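*Asks:* As a plain string of letters, each chain reads:
Number of protein chains: 2
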Amino acid sequence: MTEENQESQHTNLEEKLQKVIYLLHKYKLVDGLVRLQEDQRHHLANSIVQKQNFAGLQNMLDKLHSADIARILEALPLEDRLILWRMVTSERDGEVLLEVSDAVRQTLIEDMESHELVAAAEQLDANEIADLAPDLPSDVIEGVFRALPMEERDQLRAAMSYPEDSVGALMDFDVITVREDVRIEVVLRYLRRLGELPDHTDQLFVIDREEHFKGVLRLNQLLVNDPEKIISDVMSRETIKFHPDNKAEEATQAFERYDLISAPVITPDQKLLARLTVNDVIDFMRERADLEARNQAGLSEEEDLFAPVWKSVHNRWAWLAINLITAFIASRVIGLFEDSIEKLVALAALMPIVASVGGNSGNQTITMIVRAIALGQINLESSMYKLIAKEIGVSIINGIIWGSVVGLFTYALYQNYQLGLLIALAMLLNLLLAALVGVLIPLIRKKLGRDPALGSSVMITAVTDSGGFFIFLGLATWFLL
Amino acid sequence: MTEENQESQHTNLEEKLQKVIYLLHKYKLVDGLVRLQEDQRHHLANSIVQKQNFAGLQNMLDKLHSADIARILEALPLEDRLILWRMVTSERDGEVLLEVSDAVRQTLIEDMESHELVAAAEQLDANEIADLAPDLPSDVIEGVFRALPMEERDQLRAAMSYPEDSVGALMDFDVITVREDVRIEVVLRYLRRLGELPDHTDQLFVIDREEHFKGVLRLNQLLVNDPEKIISDVMSRETIKFHPDNKAEEATQAFERYDLISAPVITPDQKLLARLTVNDVIDFMRERADLEARNQAGLSEEEDLFAPVWKSVHNRWAWLAINLITAFIASRVIGLFEDSIEKLVALAALMPIVASVGGNSGNQTITMIVRAIALGQINLESSMYKLIAKEIGVSIINGIIWGSVVGLFTYALYQNYQLGLLIALAMLLNLLLAALVGVLIPLIRKKLGRDPALGSSVMITAVTDSGGFFIFLGLATWFLL
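Protein chains in written order, with UniProt numbering: chain A, 1 to 481; chain B, 1 to 481.
Next up, chain A with everything else stripped away, as it sits in the complex (with noise of 0.2 angstroms):
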């Protein structure tokens, strides 16, 4: 490299890093995540502005949590999220890796070599590895996997074997184990001598020689007990367990209700496989919420802010797609009204009211039944048939109030009365079809063993819209023209 390339080069960078430090700023800004001392920050910040002094940013990137980091990362674009990345200490690429999303990863993953990735993944747990895995080239995975002890690569198999939403998939092999016939005290030495606890550690598991799960014995009862007692006197046998197999779902559920920080995940046969945390209950709960908002808005996958166009325009597609294969068939029924149309123009100017209150009312009727049942409130025959003829009563009630609302509107507009009962009757009925599909499209998605809220929102559009359509004009034609 030349030295003038060298000179423009580190221009670029400084005003790069400027940015990155606006950054570092900004997200220190509440008193509660401050790791770093207010002085130290400043101090740091104008040495490097100054000096460039890239030790200096080097340092200050050392003392941040990885989580951090990966969020700065993620607010960068790509070029400047790049550089940064490049000044991360290679030891904290695999932390780092794990934190960002599925998207800004692999936007990382894309600027580093095989081998760089190997010694990234191999920095982390097993079950870390698995949530990786998917990102990986397969050179690196088998790269990773050679390099492993026989125990982790069991764990690694295991933990790749299960479904994404499935406990299996979220769980960490990070559990202690004693014995139940050993007395406080001896754990207590234990615990000395390994002079570290994983993570959410908040109880140790209890097995047999056959590693067959007893108990939990928690923190609490080593700590308050006399260290003379035998731990089967002070352990719980009864506990909430999970299957590796369990619904990611139920565990989350049952983390929430019963206010847990971790539990056993056994096998069939009664034996300790892993425990589950709190930890990874709560980073499920935040990928299904932004999987669920996704859905709500067509988007296939996690989209980088800044990724290219084209990626994005891919990742948009298909429900843009289905959308409109929705509006081509409204368009159609439309078409078959065309005459009525024509005769009374009115009509083209109005529809859309009857369309689109149909489809809001919908939403909020699927809205509800989507939620009571991943509650699992709906589960009595009684209650379905109580739902549907509430629904209906709602409905009923919206479209006398809103119907007469539209029916004054269009009397006043066009000085038609016969228009305006008639568009009154539309409303009334749409809102009728649109409670009665709101109730039953989440109840039969569910009884096929689908997923009541993936798409429940294109669908009932499409049925109000194209139902509104057909009701208002068929109305119209039969009764008007």
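Just so you know, these hints were derived from the structure itself, not from any lab. Careful: at least some of the hints might be erroneous.
When chains are identical, the list treats them as one kind, so a pair holds in a single copy or across two.
[As the list claims (entries may be wrong)] In the DSS-like style, the derived pairs of lysine-lysine whose C-alpha atoms are separated by at most 25 angstroms in a straight line are: (1) K386 <-> K311; (2) K229 <-> K214; (3) K214 <-> K63; (4) K447 <-> K343.
Since the structure is predicted, the reported quantities are computational estimates derived from the model, not experimental observations.
Based on these hints, arrange chain B on the given structure of chain A.
*Replies:* Here is chain B on its own, set in the frame of chain A:
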């Protein structure tokens, strides 16, 4: 009560009990959630049904976690719900009231006498009473207040004084404090005397004589260190702490990122006030996610699945009214072009396609931006321009692709190539509008200090509907007719 009355009530009750028992079974199917042994449950269920063994049901209820009772209450229609509610032992009324949703809580509270409510609230901690307070009649709150010891009164006052979305509204007062100049041995003896530690105690809080917060002492440190060591040598001084008026959402993100179980809440003058636990944070996350789903669908409040019809109508009223106004506006935009539609009625059939695809695409953009704002990814001016440029790029490509598809469809249907070109152009323009407004709405709302997400879907759809109709019909009027 006459004997006959009692008889018929019993038969009715038996039916209802069977329902309850069915639900109990249903909810215990996941092995992980079993607290009762399988055979115990069967035995209980049978004895209740056969002998109308109310004591048996009571026994069963007593063994269930309060969160499970809450869940069953939520799944039962109002009448059945109250029968079960009256069977719950009064010592657990408070806990169950805490666990149910706001809407269901109101139905339970309406069924209770003032003195029962006071008794229920008295069993709770100050921070828990503060959570219930908005739903309690004022005479009950006064009664509770009088019954509390002085210290808890102060705590209750403190907890009630912070807004719902602040750390102060989530914190609890179950802190165990120690001094930094004592030996581990002394702390261990102290804990043994306490006999039990509050839930989610992963660390003790170190304070000085004036209650100033000095740092935390993790239970792990107590266990793995030599009992002769002094606390100041093993405690952590740099830790994440919160102020009671920090935003709850920020605290949530910190818990997620740094994998916290508990964290200290301190006053501006550095005194230890309370703590925040992962359990409070999870509850907040769930409530927040529910709120967002409701806002998306246009529901104002949490709605009891079995709420009376008129209550549901009231809950859904506001957003339907807003929707109606935007639909009226769109209708008037179409009204402007009635002459054109009369001349070329195909316009009426085609115009919803332009509006609908624009709405979907705009929702995709706005969802991306709202999420990026929530994660703090948009802070730099330069990022903002990059984002706008990217979204415009995406909409141009989408406009060309989908515009061509719709143009060809139109040509195939109406054999009018001008109309095909025109709708393709209108699609492109409406997608551009959707991208621009989809980026700007949330950014402007954020600048104004508002919630970028609230009602964003309604707003973008209003713009793309009216805008889509205007662009398409306007272009047709100018160029085609």
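*Asks:* Give the relationship of K447 and K343 under a CA distance limit of 25 angstroms: within one copy only, between copies only, both, or neither.
*Replies:* Cα proximity of K447 and K343: none, with 46 angstroms in one copy and 49 angstroms across.
*Asks:* Using 25 angstroms as the alpha carbon limit, work out where K229 and K214 are close: within a copy, between copies, both or neither.
*Replies:* Classified as within; 18 angstroms inside a copy, 34 angstroms across copies.
*Asks:* Using 25 angstroms as the alpha-carbon threshold, which applies to K214 and K63: within, between, both, or neither?
*Replies:* Between copies only: 21 angstroms across, 41 angstroms inside.
*Asks:* Please sort K386 with K311 into within, between, both or neither, judging by C-alpha distance up to 25 angstroms.
*Replies:* between (46 angstroms within a copy, 15 angstroms between copies)
In this structure, only the earlier hint numbered 4 is contradicted, and the remaining ones agree with it.
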